[in-house]
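Novice: Chains as they are written, first to last, in this note's numbering: chain L, 1 to 333; chain C, 1001 to 1428.
Be aware that a few hints might be false.
Claimed, not checked - Calculated cross-link-like contacts (lysine-lysine; reagent style DSS-like; alpha-carbon spacing at most 27 Å): (1) C/K1389 with L/K144; (2) L/K144 with C/K1388; (3) C/K1165 with L/K170; (4) C/K1166 with L/K170; (5) L/K170 with C/K1192.
It should be emphasised that the hints constitute simulated quantities derived from the structure, not laboratory data.
Each chain is listed here by its residues.
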Amino acid sequence: MSADFLYTIEVILNGLMAGVLYALVALGFVLIFKASGIFNYAQGVMALFAALTLVGLQEGRVPFAHLINAVFGTHVHNFEWTLPALAAIILTVFVMILFAICVEKLILKHLVNQEPIILFMATIGLAYFMEGFGDLMWGSDVKKLNVGLPQGGSFWFEDLTIGWAAEGEKFYGMYVDVLDVWAAIIAVVLVLVLTIFSQYTKSGRALRAVADDHQAALSVGISLRMIWVLVWSISGFVALVAGMMWGAKSGVQFSLSLIALKALPVLMLGGFTSIPGAIVGGLIIGAGEKLFEFFVGGFIGGATENWFAYVLALLFLVFRPQGLFGEKIIERV
Amino acid sequence: MTYRKMILSAIAGMFLVSPVFAELVFPSLSYRTGPYGPNGIPFADGYEDYFTLVNQRDGGIGGEKVRVVKCETAYNTEKGVECYESTKGEGALLYQPLSTGITYQLIPKASADNIPVLSSGYGRTSAKNGKIFKWIFNFPGTYWDAASIATKHAMEMSGGSLDGKKIALVYHNSGYGKEPIRTLEELSKKHKFELMLLPVDHPGQEQKSQWLQIRRERPDYIFMWGWGVMNSVAIQEAANIRFPMENFIGVWWSGSENDVIPAGDAAHGYKSLAMHAPGDDFPVYDDMRKFVIDKGLGAGDGSNVGTVLYSRGMYAAILAVEGAKSAQAIHGVSKITPTMMRDGLEALEITEEKLASVGLAGFAPTFKASCENHGGVGAAAIQQWDAKKGTWSFITDYMTSDKSVIQPLIDADSAQFAAENNIKERCN
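Using the sequences provided together with the hints, build the complete structure.
Specialist: Right under this line is the structure:
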């Protein structure tokens, strides 16, 4: 095979894996939108907050240390213990559940029956609050995240593929990042777990009932408030997974919250209400933007990925305004 | 004028005029929020803490207390300009915006308002030409100096020649990141190396395409003009594709602890340019802790004292303070104006003795500014990261840039600016 062909395969492969990472972020949006019709602007910040909490717990950092030191003149920074990754992840899940309860009690409960735009604006406020709160709680320094996931190019895959090129071709074997492979596996497991949860558990069925028809669900005794806590908790868990994956690549810092920008074209393409849509949308955006950069980027100055993802999503919207898997909404006038 | 009007005028005069001349005002156009906040915070802390130290330890500059006026730019050019407009009326003596984008916007504004701007190691390179840019300074070095020095180091590593070699520039796709391209293009012609340009869009969280291209094309060296998360992701990606770290050289804004810590051991051996020494093994840091941090007067909690970006902010403040002292000496007054400050900066000479007197012997290169030269000597050293020790160390002495390439570019660019803005050369 020619090296160019193999490199194209490599680009598609890496694009698909980048797409899985985008899909992980998009999933959180979809879950909340599906269950409550809220576009959660704070999803990216939730990923940042979850990752900050995970590192903070793992390293035994004292929450609000800066504030405590400023008020009491102390110099506390760390407890005398650190936590293993798994324990820190479990505790972070509890923190995200607590966060979901707070969101429901302090924001959503007071906005029942309000227009979706009001709820959307509330999540904008929540995003800004959480940005500052996360900084205050865990500090704004760049943190290294290590949950034991392997990282770096796979030697095995490189060695396996290096012989695929025809003789004389300049080919160094295909590259895949082991962390991306793990992210893909985790995303598949996550989607399976979410599917099983929504299909075979009582809470999951209640969630689907609310997603299908709020009024009907309420009339059979499903608590909307419980569903909101549940869905924000699940979304918080998905945010934690996304924060872990992205944080392992770049360190945990503020820009982690901007990964939400990568999820928007995925949502536009896949639809706001479909879990498979988030996955397929992520894969299409990931592979599409990488291929465009590979074939066209060099001729137009490069750095095309950010805007091309939106162009691709818009192109799809021309033909399917509801996204690939979104529900067609017809509103009577 | 009635008696009442006189009283009102006097009161208005007390409020409006006196603050301008009562203190020496240095605005801090900082960014503590947004994606670049983790870098903006230590810089701003160092900048503000040094002024506090001067007030606490020395009683101010020449007996005049310093007042720092803070304004948050979030590394956003529009907000930076708003900050400039809202603070210049406070009697601002000097602006140091820590953003090439903001600096470009302030060049015409500050020049019209007669307020000096110092963009140490960033901003518009051709502002080095004091004959055209009367109010703008960029000592001790510029991006074009940095590009030349990085090339010089690569050449030394290649045994004195870059003929046939390939150098990739991975850069922040912004005015800042594009600044060295012109020089590198000239240097590639002179030294016969191939130049690959790889832009990375803000904020730089995802760079897979760029690093796959690097892996395919196998450059011999990579230079990086990054900022914020872009740096740490690039270093991690370089490690992932097993690019030799000693051949990966960042500009001085890609060489802080924030950039290497997220990659852990993988960042071992990564290099960057440095316009001042790393570490806190200088007497000034003892003073900083004694007079500022331990008294609870620090801008932050003191945990970043001695980090690269804290020291960079402190160095920026030192240049401002020394410029103010120079202005006071020239004009024989302690209450200086922005015009006097400009004169002070133009006559600034940083000597070994001066650095030693502020507790920083050997911290930065010595230089002398002049009417023609607002950019100083254009020197930088190469520092290398030791992941095991968690420290940066100098591996070269300060090197100077190739003026035979840079000076004609500066002359051409500044001449174009002069023609566009109808500016006549001075210093004749």
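Novice: Now, for every hint given, state plainly whether the structure supports it.
Specialist: Comparing the hints with the structure gives:
1. C/K1389 with L/K144: holds (16 Å)
2. L/K144 with C/K1388: Since the Cα atoms of L/K144 and C/K1388 sit roughly 15 Å apart, the hinted pair holds (cutoff 27 Å).
3. C/K1165 with L/K170: holds (17 Å)
4. C/K1166 with L/K170: holds (16 Å)
5. L/K170 with C/K1192: holds (23 Å)
Checked against the numbered hints above, the structure violates none of them.
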